[in-house]
Amino acid sequence: MSHSGTGPVVSFENVSKHYGSLKAVDGLSLELRRGETVALLGPNGAGKSTSLDMLLALRKPTSGKIRMFGSDPYHAVKSGNVGAMLQSGGLMPEVTVRELVTLVAGLHPRPVPVATTLRRAGLEEVADQRVDRLSGGQTQRVRFALAIAGESELIVLDEPTTAMDVETRQRFWAQMKEEVAEGKTLLFATHYLEEADQAADRILVINRGRLLADGTPAEIKSRAGAKQLSFRLEHVNEPFLLGLPGLVSLDVHGDIVHIQSSDSDKTLYAVLDAGYRPSDIEVAGLGLEQAFLAITAEDDRAAEDEPAAQTTKQTTRSALR
Amino acid sequence: MHGILLLTRAEISRLRRNKRYLLFTVGLPVILYLIVGKQAARVYGVSFTAYYMVAMATFGAFSGALNGNAIRISEERKVGWIRQLRLTPLPANGYVVAKILTSMVTTILSVVIVLLLGRFYGGVHLDGWKWVVIAIVVWLGSTIFAALAVAIGYRFPPDQVQPITILVYFVFLALGGVWFPLSGALKTLGQGTPTYEAVKISTDVIGGISVPVGLPIGLVVWLAIFVGLAILSVRSMAESL
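If you read the protein sequences in the order shown, they are chains A and B.
Those letters in the first sequence? Residues 0 to 320, per numbering that gives the first Met the number 0, in order.
Those letters in the second sequence? Residues 0 to 240, per numbering that gives the first Met the number 0, in order.
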């Protein structure tokens with residue numbers, strides 16, 4: 000193994016990628032440590048794919064520096080330290096699944112036995128079918144097989160479970176957990192937030208090319224305002240509600256009030272102390288999805304308001320921390 | 000190098016299954032030679048059977064190098080296979096090198112078959128070294144079209160590659176005197192084409208005429224131009240695979 004130090008497996012140092020005036024990635028800095036399973040979350044166009052492309056030496060950063068296993072991305076990829084599966088990656092036509100996996104394993108300095116890879120990717124039954132005659136889910140599994148056809152210390156997966164049904168997806172993650180149990184580092188981008196919640200021990204949220212949040216799933220959830228407080232209240236006084244302590248966001252539909260609060264107890268007491276008697280009180284933790292939406296929505300709002308509403312930006316930021 | 004050879008082997012086994020490709024590179028030249036090859040005329044100072052033998056060898060090799068590669072490269076770029084390969088330890092230029100090696104292995108097959116046909120069906124008798132020189136000229140000449148195929152395949156999407164390839168194919172084969180010997184104005188026009196140069200070097204060797212130095216230089220210049228174009232295409236598409 001070429002790299003067994005304690006340094007980061009991957010580091011982005013103030014990395015940017017600009018296309019004309021579009022900043023696809025804008026000053027991204029992050030580090031991945033050995034053995035971590037990291038989910039990369041972000042809405043479409045957030046810069047996820049561009050970041051992965053730069054990590055995998057498919058694109059060059061406009062500025063900044065990316066290091067992987069102590070070298071530049073190109074040499075890290077060519078020395079077989081990275082197994083990757085991209086949405087945009089395709090398969091060689093006119094060959095069978097087994098032939099293709101055999102070829103890619105052969106290109107790797109530390110090939111995994113083809114039979115093992117086929118089993119891990121759940122491809123044994125279609126091994127002798129031609130790759131251009133497979134279903135979407137099967138094609139996706141072949142892409143995965145190519146990513147694990149060699150022994151690589153870092154595995155990078157871009158939306159690995161798209162086009163898989165629920166059962167296959169669960170099997171996929173069970174398999175993946177086995178893979179990374181050997182001390183491998185896994186970085187994956189996903190749209191399925193529950194997947195990030197279950198599989199990752201660290202989540203990176205990116206939006207508009209910047210890193211917005213970095214923490215465990217629990218930390219990300221708490222960062223967006225820990226709790227969702229809902230109740231019914233006749234004759235709602237919105238200015239009063241907006242002044243409540245701990246309030247992160249407010250949503251009123253008729254007499255139904257939804258509040259995201261960083262301290263739901265304090266918020267509720269303040270409502271009661273003011274003499275209100277709301278009914279149907281519910282307090283719930285935010286799911287990762289709501290947390291994610293809250294974080295990116297705040298960021299988008301901050302971007303739109305720039306620079307007029309500097310103060311709101313400040314308050315929302317502090318509420319997020 | 001190990002990886003490039005592995006990929007080349009996989010590419011060859013793919014091509015072997017491709018009937019359309021085999022028809023163009025081997026089938027068509029053989030059929031045309033069987034139909035047209037035996038005529039009493041003399042062309043370029045040699046018998047028609049000898050001329051048509053080198054013409055068909057050039058036809059198979061050059062069209063195989065072009066047709067076999069341009070559309071496939073473009074399609075493989077479109078489906079993302081080139082991108083996928085860039086994620087493997089195969090060196091960045093490994094894909095193109097393997098394509099050209101594959102093309103050279105498969106065109107030698109077509110060249111040898113047509114020359115054997117000329118010898119045993121057409122009754123062309125030559126000194127041993129002449130066979131070798133002809134085979135090498137046509138074979139190496141076809142790498143000019145392999146380079147052109149890379150230039151086109153990398154640059155254009157499949158639906159544009161098809162008409163571009165057909166155009167290039169007809170212009171170079173017709174003007175190069177591959178389907179019929181050139182004379183008059185057509186000859187003046189076609190003399191500079193790599194296909195003409197490959198055929199004419201071969202017929203000069205067969206006829207025992209000293210080969211004008213301009214002909215091999217012409218082939219090298221064409222190769223340099225198309226390799227240059229291929230490098231430009233590959234570079235400019237490096238980030239949009």
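It is possible that part of the hints are untrue.
If we take Cβ atoms under 7 Å as the criterion, some of the chain B residues that face chain A in the derived model are [said to hold, decoys possible]:
1. A9
2. L89
3. L231
4. S232
Hints are computed from structural coordinates only; laboratory data are not their basis.
Positions of the beta carbon are idealized from the N, C-alpha and C atoms, including for glycine.
Taking the hints in turn, this is what the structure says about them:
no., hint, in the structure
1, A9, "holds (5 Å)"
2, L89, "holds (5 Å)"
3, L231, "violated (18 Å)"
4, S232, "violated (17 Å)"
Of the numbered hints listed earlier, those contradicted by the structure are 3 and 4.
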